[in-house]
Amino acid sequence: MTLSSPSSETSKELRRLRILIEDTEDKGVLIFALYNLFADVEGVQKQLSQQLGQTIALDILEKEQLDPLKPILGLDKDKRKIIFVVYRGDLGEELNTMAGYANYGRELLKDVPHVLVMWLSSSALPLFIAKAPDFWAWHSGGLFDFESPLDTNLETREGVTRGESFGYEGYEPSKLLRQLDNYAAIIKAQEESSKPDDNYIARTYLNMSKLAGNLGKHQEALQYSQKALELAEEQQDEALIAQALNSLGVNYSDLGKRQEAFKATERAVDIREKLAQSNPDAFLPDLATSLNNLGKMYSDLGQRSEALKATERSVAIREKLAQSNPDAFLPDLAMSLNNLGIRYSNLGQRSEALKATERAVASKSCPKQPDAFCPI
Amino acid sequence: MSAPAMNLRQAMKNLDPKESLSLKELKIFYVPREDSPLKRLILDLEEADEQKFLFTGHRGTGKSSELAKLEAELLPENTYQVIRFSVRDFLDIYDLDYKDVILALFFATVRFAEGQKLKLSRAVEAIVKDLLNFGQEIERTDEREYGGGVEAEGGTEGFLAQFLKLGLRFKAEASTRTSIRTTVSHRLRDLLTGLETLSKDIERLTGRKLLYIVEDLDKTDLHVAETLFFKHAQSLTEPRSPIIYTFPIALFHSNHYQQIKQFFTDTKFLPNFKTKAKAGKDDAKGCEALRNILLKRVHESLFEDGVIDLLVNYCGGIPRILIQLARSACLEARVNDHELVTLADAQEAIAAERRDYQLMLNQERESLLKLVRESKEIENTDNYRELLHNLSIVQYRNGQYWYDVHPLVKDLLGD
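These protein sequence lines map, in sequence, to chains G and R. Counting from 1, one number per residue, gives the positions in the first sequence under the working numbering. Counting from 1, one number per residue, gives the positions in the second sequence under the working numbering.
One or more hints might be untrue.
[Stated by the list, open to error] Straight-line distance between alpha carbons at most 27 Å, and here's what the computed DSSO-like set of lysine-lysine pairs gives: (1) R:K231 to G:K188; (2) R:K231 to G:K131; (3) G:K70 to R:K24; (4) R:K24 to G:K77; (5) R:K171 to G:K63; (6) R:K296 to G:K27; (7) R:K27 to R:K69; (8) G:K188 to R:K370; (9) G:K81 to R:K18; (10) R:K165 to G:K309; (11) G:K46 to R:K231; (12) G:K27 to R:K27; (13) G:K77 to R:K13; (14) G:K188 to R:K281; (15) G:K110 to R:K231; (16) G:K79 to R:K13; (17) G:K79 to R:K18; (18) G:K131 to R:K18; (19) R:K165 to G:K110; (20) G:K27 to R:K370; (21) G:K27 to R:K18; (22) R:K99 to G:K77; (23) G:K70 to R:K171; (24) R:K18 to G:K217; (25) R:K410 to G:K131; (26) R:K27 to G:K81; (27) G:K70 to R:K165; (28) G:K110 to R:K281; (29) G:K110 to R:K370; (30) G:K27 to R:K69; (31) R:K410 to G:K110; (32) G:K27 to R:K13; (33) G:K110 to R:K18; (34) G:K131 to R:K370; (35) G:K12 to R:K13; (36) G:K131 to R:K171; (37) R:K18 to G:K12; (38) G:K131 to R:K99.
Calculated from the structure, these hints are not laboratory results.
This is chain G alone, in the form it adopts within the complex (with noise of 0.2 Å):
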């Protein structure tokens, strides 16, 4: 997850985590959120300072200092101070003493008007929260996921690059049905309200989509996509329908259905070029992203320069993206750079394919996050 350029669901859980705060004024409140890397936290604290026009403190509990009220201990009762606390140390004792501290001191949280926010990975929050029961029985807000890319923007997924990660990979199968689940739980609600969102379930009907397809139920992910293209023809939703359109694409393609893939997939190009004309900030990495899909599906269709030609525009864009904002954009840019490898190689153009691997792989040696692009 790039927080610098944050998905919807990720800007989301943002804005929770401001309103939280802001509500809550002179009140002492307990948040717990889920990391995966350090930069998440990072990303957060950042943006959340930006947004609310504040400091935020980061403290690290280490075999040092273990205990996560300490940094609220002694601070000025007057003035309200947002705390990040990060626990990144091994799940033995240390977790053990860390969650003794909490449990023990939570009264002082009754004291004072600070807000703690204590960052856990998924592995460690379980065992936490079975030793420290108490103060987990005060958070607020339930449980803020910055670690999940399930988060991700349905956007970002390529309908072509065998081998890249689409996100779910590594998480267990169980989660995403129940995910599932949660979706369409949200959906009848909605349905079932006085004022139902449309536009809310087309969106929840294409993250359905997404986690339908990973788990390789690919005729079900059709079909959401398919009444959330309903949903967002009826609201005449320009930017909706091309969403629904890349989705549908991708779906038909994994269905081995190339002609329909090819077929939304350009229509989601069309109406995208013609929103990018009018507002190219909001649209080209939108536009970027249904052109790639669209040269592999050219690719399947057997159409090889097409194919060349589609990628190639994807790559010129993504390229000044990633030059206005590298941290967005270089992992986009280098998966299309690697696709723009592959089609070459596919007309006989080795050298430019070699070319444009290497980039693709200069790309991805982003020094700004070495976890999230040097896997060991």
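With chain G fixed as given, assemble chain R onto it according to the hints.
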């Protein structure tokens, strides 16, 4: 606090999972509970002196608020002077033994006398001075760490204040604890006699019988609680005055409970609110009480039709979870720029609260939970106790005890 809240921002403030009800807040927020053991407890207290009760219930079910209610009920009756305190005030709850609890009773009584500016008898003054010597002995044994000895001020008040300072050190300093415990272990009888003299003096001055309510003993580490209640139950029942000890629910379900309960007059169990009967039908009274808990804090107009029922249904009858779910639902509404909580906001909140249960599930736990879902019963094993402890399983009572999977977890189980 403005209640009930008329806007979402205020609602977020009124829905704080940290808060248990103070005596003042009881008037605004308290909702009577049909299954509360309070009435029975008050009647039992009248039957005899020196009774000792255990008070238990699930985490978040409202034990502290109910005990505050007990204090409020007894206030106008002029029969009891209630000293309600948390062991956290004086003790390290992860490092305590039975002697500490007796000391905490003493500290709490002294704090009460100091707060009320009671003019205690000379006998009590002598006792407190004597106990201060416990402290002075410590000062001498570990001077470098603690500096000079206790400077006794003139008059009883000075000694009480000094004694309370010793209490603070007892809580904070492991070495002080060790030293005082060593002294106390040789002089426990003196301490109990001192406590009796002190309590009699307070009863003389206030004209009321003392009743102690000792909170947060249910929050100790389970092993600590087990040692305390199983091995030293007799010592806990030795003080003369009636005492209500909060008691961990997990110990209530353990094999030791049958032996523990013999030392105490009775165990009072505060059940969760029932939202459903065992057969699955909605329990109207339980749901109504939970609705009222919410509506005392937040005005009904801030919830779309059906939202309150949904939240009540998903809280599993546990008031704190209801408060948490409602706060999360208000948060979702604020995030979605809604002026009231819609069903979709509530569903999002439920999904967010469900995530933590999701993390705690594994195949083995899922299988056990599925069994409970069908049988409404549990076995007396560590695995089941753990699931009770983390509230994946909740316990209800109507006539008999029965169990069910928490509704937030039920949704995760599948078929």
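Practice prompt. Starting from R:K18, check that the Cα of G:K217 is at most 27 Å away, please.
Written response: Not satisfied, since the Cα-Cα distance of roughly 43 Å exceeds 27 Å.
Discussion item. Next pair to validate is R:K231 with G:K188; report whether the Cα-Cα distance is within 27 Å.
Written reply: 54 Å, violated
Discussion item. Please verify whether R:K165 and G:K110 have alpha carbons no more than 27 Å apart.
Written reply: 22 Å, holds
Fill in: Satisfaction of hint between G:K12 and R:K18, Cα-Cα up to 27 Å
25 Å, holds
Worksheet entry | Pair hint outcome, R:K24 versus G:K77 [Cα-Cα no greater than 27 Å] | 23 Å, holds
Worksheet entry | Hint consistency between G:K131 and R:K18 [alpha-carbon to alpha-carbon, up to 27 Å] | Holds, at roughly 18 Å.
Practice prompt. Would you mind confirming whether the straight-line C-alpha gap from G:K27 to R:K370 stays at or under 27 Å?
Written response: Status violated; Cα separation ~40 Å.
Fill in: Restraint status (C-alpha distance of G:K12 to R:K13 at most 27 Å)
With a Cα-Cα distance of about 21 Å, the restraint between G:K12 and R:K13 holds, given a limit of 27 Å.
Worksheet item: Taken at face value, is the distance from the CA of R:K13 to the CA of G:K79 at most 27 Å?
Response: 18 Å, holds
Worksheet item: Hey, G:K110 versus R:K281, does the alpha-carbon distance stay inside 27 Å?
Response: Judged against 27 Å, a Cα distance of about 38 Å means the pair is violated.
Worksheet item: Regarding the pair R:K410 and G:K110, is the alpha-carbon distance no greater than 27 Å?
Response: 32 Å, violated
Item to complete: Measure nothing beyond the straight line between the CA atoms of G:K131 and R:K171; if it is 27 Å or shorter, mark the hint as holding.
Response: 21 Å, holds
Violated hints, listed in ascending order, are 1, 3, 10, 11, 15, 20, 22, 24, 26, 28, 29, 31; each of the other numbered hints is respected by the structure.
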